[in-house]
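Those protein sequences? They're chains A and B, same order as listed.
Heads up: the first sequence at position 39 corresponds to 39 in the working numbering, and the numbers run straight through without jumps.
Heads up: the second sequence at position 176 corresponds to 176 in the working numbering, and the numbers run straight through without jumps.
No lab work stands behind these hints: they were computed from the structure.
Certain hints may be false.
No distinction is drawn between identical chains; accordingly, a pair holds when it is met within one copy or between any pair of copies.
List time: in silico DMTMM-like cross-link candidates among lysine to aspartate or glutamate, alpha-carbon distance up to 20 Å [as the list claims (entries may be wrong)]:
hint, residue 1, residue 2
1, 139, 80
2, 17, 154
3, 139, 187
4, 60, 32
5, 139, 188
6, 139, 195
7, 55, 162
8, 139, 162
9, 50, 91
10, 50, 40
Because the structure is a prediction, the values reported are computed rather than measured.
2 protein chains.
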Amino acid sequence: MMATTTTSIAPRTSPRKHQAILDAAELVFLRDGYLGTSMDEVATRSRVSKQTVYKHFASKEALFVEIVTSMTSRAADAVDVNMWAEAAADDVRTYLRDYALTQLTVVLTPRLMQLRRLVIGEVARFPELARALYERGPKHAMSQLAATFEQLAERRLLTLDDPALAASHFNWLVMAEPVNRAMLLGDDSIPSGPELSRHAEQSVAVFLMAYGAH
Amino acid sequence: MMATTTTSIAPRTSPRKHQAILDAAELVFLRDGYLGTSMDEVATRSRVSKQTVYKHFASKEALFVEIVTSMTSRAADAVDVNMWAEAAADDVRTYLRDYALTQLTVVLTPRLMQLRRLVIGEVARFPELARALYERGPKHAMSQLAATFEQLAERRLLTLDDPALAASHFNWLVMAEPVNRAMLLGDDSIPSGPELSRHAEQSVAVFLMAYGAH
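With the hints as constraints, model all of the structure from the sequences given.
In structure tokens:
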């Protein structure tokens with residue numbers, strides 16, 4: 001699907017310049033949006049010529065696609081690491097709380113909230129980027145959760161008939177409130193570490209009232 | 001807060017033209033975004049001169065503020081109508097399901113999803129509009145719900161200590177999945193009427209597993 005991610009052209013180009021362009025582009029896109037971003041500014045900030053920018057990335061669009069997909073993938077990988085580590089534990093409340101807190105901590109950063117706003121604002125122009133964010137973000141998390149919940153139900157640590165539905169309920173109990181608030185109220189509304197811990201604990205508590213072992 | 005909503009200047013101007021400008025502006029802003037919207041096109045589509053547009057709305061910004069606040073207010077009013085109508089009923093499951101379905105049906109329209117994407121994409125430029133959408137949208141709904149839940153708990157139809165927390169859980173169990181999917185996957189992912197009914201029923205079921213009368 002994301003064939004456009006391969007549009008960066010990098011034979012005989014400097015990896016250091018490549019990274020400098022990516023860092024500058026991330027800053028400018030997140031701050032100014034897609035339409036507002038000037039390739040001149042990306043070149044100036046990365047201390048290379050505009051020709052060099054175009055040698056590394058064929059177009060503003062190709063550069064934007066690269067920024068969004070790499071940021072999205074890094075966040076998904078960071079959540080996954082924690083997914084299976086504790087799944088063998090018998091203490092399902094602690095496991096779910098740790099997982100929820102990891103997911104909250106990884107996702108609720110100013111950079112990822114800015115990325116999410118930018119991608120949502122550009123759905124009409126770049127539907128495939130928004131789809132990638134959805135699939136590598138909530139959809140991926142929910143399918144991992146569903147598989148874990150099914151195992152926990154077999155071990156009678158959870159009570160459920162429909163693992164995918166339970167995973168959706170868990171995911172949105174944990175993520176919806178802080179993410180949707182940050183979407184509209186901006187990065188200053190991102191909860192602090194202790195607030196995220198408390199939110200994770202409350203979300204898991206209500207989830208287990210519904211789905212805990214009886 | 002929304003003092004900018006009063007920037008429309010309409011003495012001795014035609015209400016019919018005023019409405020034509022608003023209708024055209026809604027279409028163009030939702031389709032092209034804030035930066036992409038041309039006041040020339042708004043004028044052409046509303047069949048008035050550009051001077052007439054500026055006689056009614058001092059600036060592109062004033063016109064945008066008017067579109068966002070009026071669409072947001074109309075949606076909030078439509079949900080409120082249903083809020084108290086059934087709150088006296090003893091059948092709490094039916095009441096919650098009807099309320100959830102009304103809220104889903106009002107909010108999950110292509111127009112309101114486009115508005116929400118546009119406002120999220122413009123948080124940096126128009127933080128006060130996004131704040132208004134949050135306050136008249138989810139925040140308003142949750143505070144109405146909290147008051148209702150407190151009454152239902154006093155009548156022992158719900159079991160809860162913290163009405164605001166229960167209202168947040170209810171709101172996001174109902175709204176998060178379809179709204180967040182529509183944000184990223186576009187208007188084609190808005191569920192059909194029967195799908196929304198089923199989603200309302202499942203959301204209420206899990207809410208009552210956690211918060212129902214014991």
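Hint by hint, here is what the structure shows:
no.	hint	in the structure
1	139 - 80	within (13 Å within a copy, 32 Å between copies)
2	17 - 154	neither (52 Å within a copy, 65 Å between copies)
3	139 - 187	between (24 Å within a copy, 17 Å between copies)
4	60 - 32	both (13 Å within a copy, 19 Å between copies)
5	139 - 188	between (27 Å within a copy, 17 Å between copies)
6	139 - 195	between (25 Å within a copy, 18 Å between copies)
7	55 - 162	neither (50 Å within a copy, 58 Å between copies)
8	139 - 162	within (16 Å within a copy, 30 Å between copies)
9	50 - 91	neither (56 Å within a copy, 67 Å between copies)
10	50 - 40	within (6 Å within a copy, 33 Å between copies)
Checked against the numbered hints above, the structure violates hints 2, 7, 9; every other hint is satisfied.
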